[in-house]
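Chains as they are written, first to last, in the numbering used here: chain S, 1 to 390; chain E, 391 to 1046; chain A, 1047 to 1408.
FYI, nobody ran anything at the bench for these hints, they're computed from the structure. All residues carry an ideal CB built from backbone N, CA and C; glycine is no exception. Please note that the accuracy of each hint is not assured.
Stated by the list, open to error - Have a look at the derived ranges for each label pair, beta carbon to beta carbon:
| no. | chain 1 | residue 1 | chain 2 | residue 2 | range |
| --- | --- | --- | --- | --- | --- |
| 1 | E | Thr871 | A | Glu1130 | 45 to 53 Å |
| 2 | E | Glu958 | A | Asp1162 | 26 to 34 Å |
| 3 | A | Glu1130 | E | Ala810 | 51 to 59 Å |
To be verified - A partial selection of chain A residues facing chain E, derived with a Cβ cut-off under 7 Å:
| no. | residue |
| --- | --- |
| 4 | Asn1072 |
| 5 | Gly1106 |
| 6 | Val1117 |
| 7 | Tyr1119 |
| 8 | Gln1122 |
| 9 | Ala1148 |
| 10 | Arg1155 |
| 11 | Leu1189 |
| 12 | Gly1345 |
| 13 | Asp1363 |
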Amino acid sequence: MAIYILKRTYQLIIVFLLFLVLSYLLFNAIPGNAFQSLLLNPDLPKEAYQRVLETYGLDKPLFERLQLYIINFFKGDFGYSYNYYPKTPIDLIAERLPRTLMLFALVNVVSFYTGFIVGKILAWRRGSKSETWITITSVFSYTVFYPWFALLMLYFFGYKLGWLPIGKFIYPEKWYDAPFDSDVVFITMIKFTVVATFIQFLAFIFTRNIESLTNRKTARLVSFVLLLLGSYFYWGSGSALEQRTYAADIAYHMILPVFTVTIVAFAGTALLTRTTMMEVLKDDYILTARAKGLSQKRIRDRHAARTALLPVVTSFIFTIITIIDGSVLTETIFSWPGMGQLILQSVTQEDIPVAMATFSFVGILALVAHFLADISYAYLDPRIRIKSQG
Amino acid sequence: MSNFKGSKSWRLILLFSVFALVVVACGGDTAEEEVAEEAPETTAAPATTAAAAEEPAPSGPDGVYKMAIFSDPQSQNFWNYLDTNNDVWTAYVMSGQSVSLYGISYPNYQLVTSSASELVETSTDNGDGTWSYTVPLTEGFEWSDGTAVTANDWAWTFKTVKDLALIGSWNSVWPVGSDEVQGVVDVVAVDDYTVKVTFNYDAGLSGWQYGAALAPALSETYWGQYATDRETLLAAPADNAPVASGFVYDKLEQGAFYTWAYDPNTMYYGGTTTIYPGGTEFSWDNGKAPAIDVSFGDTSGESFSYENGPFVGTVEFTLYSDQDAAYLAFQNGEVDFVLNPLGLKRNLYDQLSREPGVELVSNFSNGMRYMAFNMRIFPGSDKAFRQSVGCIVDKEFVINNVLQGVAINMDGQMPAALTAWVAPVTGVLADCDGLSAEERWNKSVEILQAGGWTASDWGSHPGGADRAIAPTGLKGPGGETPPSDMLLYAPGPGYDPIRSTFSLFIADWMQQLGFDVVARPTGFSVIVDKVFTPENCKDWYFYMLGWGLGSFPDHPEAFFASYNDTCEGGYNTPGYNNAEFDALAAEFKAAKKVSDAQAISKKMEALLFDDMPYLVLVTTPILEVYRDNVSFPFTDVLSGLTGTGSGYPSNVKVNK
Amino acid sequence: MENNEFKNRSPKEVSKQIRKENFKRNWLLFKQSKLGMTGLVIIAFFLFLAILQPILFATGIWSRGVYDPVVGYDSQKVDLLVVECPKEYPTEKYETNQDCPAKDEINIRVLLLRPDVKVGDTYEAFLQPAPPSSKHILGTDSLGRDVFSQIMEGSQVAFLLGLLSATLGVGISTLLGTIAAYFGGRVDAYLMRQSDLVLMLPSLPLLFIISAFAELKVWHLAIVLGVIGGLGGSVITIKSQALQVKVKPFVDSARITGGSKLKIMFSHVLPNVAPLALLFMVFSVTGAIASESVLSFLGLLNIDMSWGLMIYLSQTDGYIFSGLRYWWLILPAGLSVTLLAGGFYLVGRGLDDVFNPRLRKR
């Protein structure tokens, strides 16, 4: 195992280097450069444009620039953004990341959970009429033309009904006198959400083995109420108290994007869960469980669902990347300037330092996620585990 | 089965609880908690408001003027803005951190004084190859930190631009003169209130009145401490920089909104402006600022007057990254005005006209869209060819029928609103105006024949709306065959439907004349890269782009003088080379009176109508909307409310 | 019966016969899947549309000048009465602000650039976009082009794009996946890291970069999408499937009887991976159609016509929030993308039932 991990790590580094070089070359293959708009100003003397290129080192040959970039990269120097000079790419990522993390972590959790539940129901109702209809509906909600759908949601809930804000993540007038930046509040919210989710998850694990359904329900309800109480005290004291109204404002602005993305994204998970679960249901050990006379529900929840979770979890790991790089469409339509917009914008405006930094940031996370997925998959799946032992 | 149902609802409850957990628990229900949360707020807030209240604020206006922007500004630092971070969004939120000698008054585009006390039109020849303009300043203007605006600020600003080798737009507002470059060589403070600007050539209107005299100067007292190198200066904090306007930066929330607040100590408020068709009158005496009563240009004819503000306490710029969302918010009354440099689309405009509380504004944009011929290579090098294309292209048909009036025909180089500059249309464009498709085709063939072109079969036009039978075996006057598959680069339908539609029709018309031209939708940056790179100056046949124009129409010189050829790094993409035109261009550059410049410009245009390096296509209307709770001093202005005054925050009135 | 038939035939024909039988059986299974059939009907419908358009042009029923989806133009002149809409509603004539101007009227407020026009005048305009009529069954767009013809052109684009990119992508990933599984070792490591590399690149910006430095026509885009899809994650999945086949007894026996590596790979392993590959293909059609429409919607592609572009144009022209007033500009294109992508997905579901015997009905 250790040798395997070592080998993989070595490959990981090679792949990352390749990735860096490839991305750099790709960005430079785009015609023009970040300062091309200066060419459209006839009042600018001829050599002024040349001076801009010199200042930003764009006049050097490509190979020399590439070499310089790679060396600086490993020194931890990512250069300055061309468009937001003298900010560095790190400044920009630090500003955008909390917004994206908060929104898309929640979006992913909610849509995966919804999808998992729907998928479980679908698998269990196999062959029934309702299955066909639910499947067809979820397929079309999965393939709906997303930007159009999102704009319609905005129109309906934001304008027609007026229940929810039309995009943005805060109401400016509520923040005129805010003593801190929105990022500070975002970070507090992320911390809180992570801890709360973790506690909820723990409660879930511990109550899983309670045999009686009513007891389990009660236990979970109690833990949930405790968590609510805990969060009430958390937001009622210390620095969190000051940030509470602001956090509420952000949370209010999150409702519509989360809801919209969930409607579109849950179907993917639902369909995947259905397939894997149906395969598992036919497996021998489930048949044994059935023969043992265990209740349908117990089979479903304790045996089938748990095994079926595996591919779903793997696909979740892969989608973690989207938590980081966000979604350009969602961010644009809901005016939520985050990583997705930053990446696309830096590429379209040829802000190479920012594009490189964001690409590598996402790339590293993707690599590590694949790496972990490989190892944990090999470790978790009993079938694979047995094979590797044999 | 019954077991399931309970379980399903349990799951759903749980699902919503997780969601609700974040939403509800995060902030508690705002209504109920309001009482508790006031405590920390009151400790911080009153301190500032109380301090402000003690000042006998000169009728400190209140009310909020809200504008939507589509993109995060790149910086708040004026130095950075004019360096390379100069997109329009940065320009909009940039507070008045600079002063200039002269200014432009809208909506009549009249040159007026700003910090200077008079318009200086004559230069002195220093005899050493340099010429100077000496301008007196109005005494008594102050920066918002209380220091005086002096001649030193100009001298220091120029010195900083030069010494720190600032780049980007600084080089166009303060072009530093050198052996090769015509520009400013020195700016000296003769005394505290006299600025002397020295050029290495005898600068005319575009170099002086509309050049250096409009260039910004910043406060040395504040910025001097950061002017050690370019990076430090560009990174310097700007939120507390002294300004020369009624507003200072207030809250800057990246990615969400920016606000300006009225500065209660400002001297920049009040005054009456009277606008004539060809002149401007300005009287100002608020007791704090120096009293001014001046007039410029021809103060006769119909006029209107307005009071200057500011009339609002806060100016808010809210970011919407999606334009539809921005206009939806506008419709909802969340913003009063949308800053949109391109204006809104015709249909949205029609739709918003149905909404209550929406006022409409429509103006012409100060710009043009055109097709350029590459005059360096055949067939673009042939005058008869260019003229025949100019004749067969039925712009009116495309504009009126296909594009439904979303664009307005433009033949010459000057926007129609600049009436004194517009030259009469001559040449083929005038000859072919109003002809039918058949007549145009026949006329174009005649032009080709007269130009020495030959064909094995000249084809014919069946009349009506049908396509012509194109000539075959076409040969130029020198016997050369036009190449096949010539590309016409134009932005795709996604980027600009107007140019894309035009390109398809023009390519088709050229096909009907026997030239194998294909319209190729191409990315904007790809076209720019192709046609503005000196090495590629012979690698294209035709392209379509547009120009946004400045407040002084000196662009024909930049676009068509032979010394500006793109092969040598200039803006003359077609490679137009006409000695007669060059001579006029030089004359134009030296002209010191607007009326002289206009006469020369008309002569230049007559040459362009005949030679046709560009086929000027259209200009577009700028459509804007505002909510009826705000009012502007005027709304009819070339290039619109966004393009001229960035939404006029210091003149707008808000009643809520 | 069957035995008799087989006796008189060469082995090649026999295997052909078996394949035929197999196909028949699978078709019967597929027919039972309601989902699959729904999908198939949808695909057939759009295929019909895609084929119909060239026929209409070729037979001269449609003239290019009027019905061409890109440069066609047709518009009728209408006389509009110039009116001034009131500030307050309701009035005698109009119930709400949405009623003014009425169908044959125009609001003087939008004619600010025409100071010569007065209230009560007749204003001559071209009806664009025109609502559906017998001549244009889905109306025309703001440039006077037939929307139905554009939908047809769009479905040609979607099929070309979807099928070409999916075939290419799945071809590549099946081949590479099988090779990785069969040869293992360094080849495997190389191919897997290559997939990692492709997966690391964010797809939307990547597609933008490629479309920026190369002139992308529809089939170029199809190839790009195919190659990116083919080198990415599907190689990993196909490989794991091939690994399971590799350890099956019949592969071992083929090896013992001395089959060459290549032969075993092509005649034994590959056919057994094929069903999964087919499934992947169907799903990647969905992905390709979605990618194109999103890229077009962001205005990042330079192609003449597609469903995504239709929506993009109606959005930039400001029709998207017009409710149902201009439904023919938004609904047909939006629904087409959704339906065709969903149709392929449903067929994939149906195929899944066929090839995954364990998923069939109890």
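We went through each hint and held it up to the structure:
Distance hint check: the CB atoms of E/Thr871 and A/Glu1130 are about 60 Å apart, inconsistent with the given range 45 to 53 Å. For the hinted restraint 26 to 34 Å between E/Glu958 and A/Asp1162, the CB-CB distance of approximately 47 Å leaves it violated. At about 34 Å, the CB distance of A/Glu1130 to E/Ala810 disagrees with the hint of 51 to 59 Å. Here the hint on A/Asn1072 is broken, as its CB sits about 33 Å from the closest CB of chain E, past 7 Å.
Annotation: A/Gly1106 was flagged as interfacial toward chain E, and the flag is violated, the nearest CB pair being 14 Å apart, outside 7 Å. With 7 Å as the threshold, the beta carbon of A/Val1117 comes within range of chain E, its nearest partner Cβ sitting at about 5 Å, so the hint holds. Taking 7 Å as the C-beta contact cut-off toward chain E, the hint placing A/Tyr1119 at the interface holds, the least distance being around 6 Å. Contact between A/Gln1122 and chain E, as hinted, is not supported at the beta carbon level, the nearest pair being about 11 Å apart and thus beyond 7 Å.
Because the smallest distance between the Cβ of A/Ala1148 and any Cβ of chain E comes to about 11 Å, over 7 Å, the interface hint for this residue is violated. Hint status for A/Arg1155 relative to chain E: holds, with the closest Cβ pair at about 5 Å, below 7 Å. Residue-level restraint check for A/Leu1189 holds (minimum Cβ-Cβ distance to chain E is 6 Å; threshold 7 Å). Look at A/Gly1345: its Cβ gets to within about 4 Å of chain E, closer than 7 Å, so that hint holds up.
Checking A/Asp1363 against chain E by beta carbon gives a least distance of about 5 Å; that is within 7 Å, so the hint holds.
The structure fails hints 1, 2, 3, 4, 5, 8 and 9 (numbered hints given earlier, in ascending order).
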